[in-house]
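Asker: Each chain, written out:
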Amino acid sequence: MDLSTLTYLVVGATFALYIGIAIWARAGSTGEFYVAGKGIHPVANGMATAADWMSAASFISMAGLIAFNGYGASVFLMGWTGGYVLLALLLAPYLRKFGKFTVPEFIGERFYSQTARLVAVICLILASVTYVIGQMKGIGVAFSRFLETSYETGLIAGMGIVFIYAVLGGMKGITYTQIAQYVVLIFAYTIPAVFISLNITGNPLPQLGLIGSMADGSGLTMMEKLDQVVTDLGFSQYSEQVMGSKLNMFVYTLSLMIGTAGLPHVIIRFFTVPKVKDARSSAGWALVFIAILYTTAPAVGSMARLNLMNTIQTGPVGEVTANIEYANAPQWFKNWEKTGLLQFEDKNGDGRIQYYNDKNPEMAAKAEGWGWKGNEMTKVDRDIMVLANPEIAGLPNWVIAIVVAGGLAAALSTAAGLLLAIASAVSHDIVKGMINPNISEKNELLASRLSMVGAIALAGYLGFNPPGFAAGTVAIAFGLAASSIFPALMMGIFNKKVNRTGAIWGMITGIGITLLYVFQHKGIFFIPGTSFLGDMGPSWFLGISPNAFGAVGAVVNFAVAITVSKMTHEPPEHIQHLVEDIRVPKGAGGAVDH
Amino acid sequence: MDTKAAQYWKANIRLVVSLLVVWFVVSYGFGIILADPLNAIRIGGVGLGFWFAQQGSIYVFIALIFFYAARMNALDREFDVHED
Numbered sequence: 202m203d204l205s206t207l208t209y210l211v212v213g214a215t216f217a218l219y220i221g222i223a224i225w226a227r228a229g230s231t232g233e234f235y236v237a238g239k240g241i242h243p244v245a246n247g248m249a250t251a252a253d254w255m256s257a258a259s260f261i262s263m264a265g266l267i268a269f270n271g272y273g274a275s276v277f278l279m280g281w282t283g284g285y286v287l288l289a290l291l292l293a294p295y296l297r298k299f300g301k302f303t304v305p306e307f308i309g310e311r312f313y314s315q316t317a318r319l320v321a322v323i324c325l326i327l328a329s330v331t332y333v334i335g336q337m338k339g340i341g342v343a344f345s346r347f348l349e350t351s352y353e354t355g356l357i358a359g360m361g362i363v364f365i366y367a368v369l370g371g372m373k374g375i376t377y378t379q380i381a382q383y384v385v386l387i388f389a390y391t392i393p394a395v396f397i398s399l400n401i402t403g404n405p406l407p408q409l410g411l412i413g414s415m416a417d418g419s420g421l422t423m424m425e426k427l428d429q430v431v432t433d434l435g436f437s438q439y440s441e442q443v444m445g446s447k448l449n450m451f452v453y454t455l456s457l458m459i460g461t462a463g464l465p466h467v468i469i470r471f472f473t474v475p476k477v478k479d480a481r482s483s484a485g486w487a488l489v490f491i492a493i494l495y496t497t498a499p500a501v502g503s504m505a506r507l508n509l510m511n512t513i514q515t516g517p518v519g520e521v522t523a524n525i526e527y528a529n530a531p532q533w534f535k536n537w538e539k540t541g542l543l544q545f546e547d548k549n550g551d552g553r554i555q556y557y558n559d560k561n562p563e564m565a566a567k568a569e570g571w572g573w574k575g576n577e578m579t580k581v582d583r584d585i586m587v588l589a590n591p592e593i594a595g596l597p598n599w600v601i602a603i604v605v606a607g608g609l610a611a612a613l614s615t616a617a618g619l620l621l622a623i624a625s626a627v628s629h630d631i632v633k634g635m636i637n638p639n640i641s642e643k644n645e646l647l648a649s650r651l652s653m654v655g656a657i658a659l660a661g662y663l664g665f666n667p668p669g670f671a672a673g674t675v676a677i678a679f680g681l682a683a684s685s686i687f688p689a690l691m692m693g694i695f696n697k698k699v700n701r702t703g704a705i706w707g708m709i710t711g712i713g714i715t716l717l718y719v720f721q722h723k724g725i726f727f728i729p730g731t732s733f734l735g736d737m738g739p740s741w742f743l744g745i746s747p748n749a750f751g752a753v754g755a756v757v758n759f760a761v762a763i764t765v766s767k768m769t770h771e772p773p774e775h776i777q778h779l780v781e782d783i784r785v786p787k788g789a790g791g792a793v794d795h
Numbered sequence: 214m215d216t217k218a219a220q221y222w223k224a225n226i227r228l229v230v231s232l233l234v235v236w237f238v239v240s241y242g243f244g245i246i247l248a249d250p251l252n253a254i255r256i257g258g259v260g261l262g263f264w265f266a267q268q269g270s271i272y273v274f275i276a277l278i279f280f281y282a283a284r285m286n287a288l289d290r291e292f293d294v295h296e297d
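Residue numbers (my numbering), protein chains in the order written: chain A, 202 to 795; chain B, 214 to 297.
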């Protein structure tokens with residue numbers, strides 16, 4: 202059976218499964234629609250959270266980021282996992298005890314202010330919409346690349362699937378499909394990883410292969426070999442290259458951790474478990490399921506890089522015959538060249554491929570001596586590291602088909618979670634909370650379904666017409682959540698004295714300074730040419746990159762909120778009692794009382 | 214807030230702070246600030262700092278959450294604030 206038919210079969214089977222779940226898990230009440238009736242087992246919720254959390258970026262792009270940034274990419278590995286510690290220790294159990302449906306709802310009640318609630322809704326929508334654009338693009342690209350459809354057809358198919366299970370089932374339908382999607386994506390990720398680790402190190406466990414020895418009899422460890430191969434070609438030493446500076450890595454990691462803990466679509470997953478103690482353990486289970494992928498990714502990244510380098514540079518650097526002849530390049534090389542993810546240009550016309558770092562002056566000088574005329578791999582897209590992995594490792598077609606289904610599962614599950622966060626903020630916080638508090642249960646359920654339809658339509662529209670700034674925005678979403686939502690939630694629980702005025706100004710200044718920093722370096726609304734400081738290392742504040750600035754925004758938020766609260770009236774008595782009440786688990790039980 | 218509730222909250226804060234110290238030390242400490250000196254110690258084929266940054270810190274994070282959950286469940290019972 203050819204690859205394309207096989208891929209259609211596997212992807213079709215997973216889609217049929219998701220639709221089957223949608224029909225089985227329809228939502229009959231707002232409680233089911235917003236929080237799956239608060240009846241999800243903590244382990245099941247952990248698995249759904251893992252799928253909710255791991256997006257197209259985690260599945261497709263992260264290993265490539267690691268492959269080309271080496272040690273520097275540790276910021277993503279630590280940043281996107283360490284946030285769960287903050288979530289479990291500082292937010293999830295208390296928000297579950299509070300027992301409502303949305304994140305802005307908590308902020309509105311704790312800070313006794315509709316304005317605070319509205320500011321939170323705006324922050325939530327900003328962060329979630331920027332995030333969802335990336336997922337829609339991921340779905341369209343996965344379809345067009347593997348199923349030979351157009352980008353638009355792919356996008357419509359993806360929207361159709363999300364439409365069926367998110368509109369019908371709300372959080373309940375999304376939860377059960379996310380569990381299925383987790384299973385699909387984790388198999389898709391680990392199977393090629395096991396084989397590539399076996400090939401290179403002889404160890405089937407990628408986590409051990411990463412620290413193991415080469416199976417080629419060279420006596421070197423995998424990491425020594427990789428360091429040697431890349432430095433011989435003038436690239437930075439893999440195990441030591443930093444991202445920007447150590448300070449930038451520190452702040453970047455902190456921003457991603459705080460951002461992770463402040464992303465509403467992740468937080469609301471912890472409203473679905475029956476008890477406070479389940480919220481605690483469920484965060485642990487979520488991290489276990491995430492860690493299976495996240496501890497595998499460094500192995501995939503490093504070994505895929507080694508494979509790629511070795512394919513092109515087959516012997517000692519400088520020997521003419523050590524560079525592979527283009528005519529003899531493996532089939533996968535040519536397949537991926539067609540997609541534009543790999544580009545080769547024979548600059549010195551010798552019919553062989555030279556892939557090296559021509560920006561390194563020492564290497565460029567040596568290369569000139571060998572008659573090399575510059576790096577000939579003019580494009581090596583980082584996504585190739587996961588997408589081409591099965592072919593590079595020589596795995597059968599069914600593995601490739603599963604990888605496609607896995608990438609789609611990762612994008613669909615995250616998109617659905619984000620869409621639910623947006624839809625519930627619109628129907629619950631705006632329609633019920635602000636416009637019509639007396640809306641009936643039945644009408645609110647209808648409103649939530651309509652909001653979901655609206656959110657899907659908006660995401661689809663943005664997928665069809667990706668705004669120019671789309672590429673830069675996923676990282677920005679973390680900065681926005683880190684600088685606005687996380688500090689407001691944490692102070693709401695841990696500091697009884699923070700009041701309405703403090704919280705509102707904290708959120709506004711936190712998100713404001715983060716956006717200002719991003720805009721001044723990347724252009725106002727990312728419009729090229731409008732950046733007034735330039736996106737260059739030397740003009741960054743202390744060398745902190747714009748994507749890493751959320752942590753600074755969060756510090757500003759905390760400082761402003763606490764200072765303003767000291768200068769204004771203390772929160773009223775009943776609010777201080779509310780805070781005392783959410784600090785103890787007792788009485789959380791039947792929380793769906795609206 | 215009566216004294217018992219205050220004690221419960223204090224015990225909770227003490228637990229959270231000590232776990233966050235560990236959280237900070239394994240990631241920002243071992244993984245970033247002290248990574249270079251720690252890399253002199255090898256764990257298999259990689260330096261210890263590198264290993265903490267790409268593997269070890271994640272395992273510790275998991276352990277921290279489950280330890281927290283278990284300790285808090287015990288505290289809830291000790292102070293009689295557990296759910297039924």
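Treat the hints with caution; some may be incorrect.
Claimed, not checked - Once the Cα atoms are required to be at most 20 Å apart in a straight line, the calculated SDA-like pairs of lysine to any residue come out as: (1) A:K447 to B:A253; (2) A:K787 to B:A253; (3) A:K767 to A:K787.
As the list claims (entries may be wrong) - Computed spacing ranges between beta-carbons, pair by pair: (4) A:K447 to B:A276: 55 to 61 Å; (5) A:P597 to B:V234: 46 to 52 Å; (6) A:G240 to B:A283: 19 to 25 Å; (7) B:R255 to A:Q442: 15 to 21 Å; (8) B:F237 to A:M635: 38 to 44 Å; (9) B:E291 to A:I763: 28 to 34 Å; (10) A:H242 to B:R255: 38 to 44 Å.
Please keep in mind that the hints were generated in silico from the structure rather than gathered at the bench. All C-beta atoms, glycine included, are put in the ideal place defined by N, C-alpha and C.
Asker: Hint by hint, where does the structure go against what was stated? Just the numbers, ascending.
Answerer: Failing hints, ascending: 2, 3 and 4.
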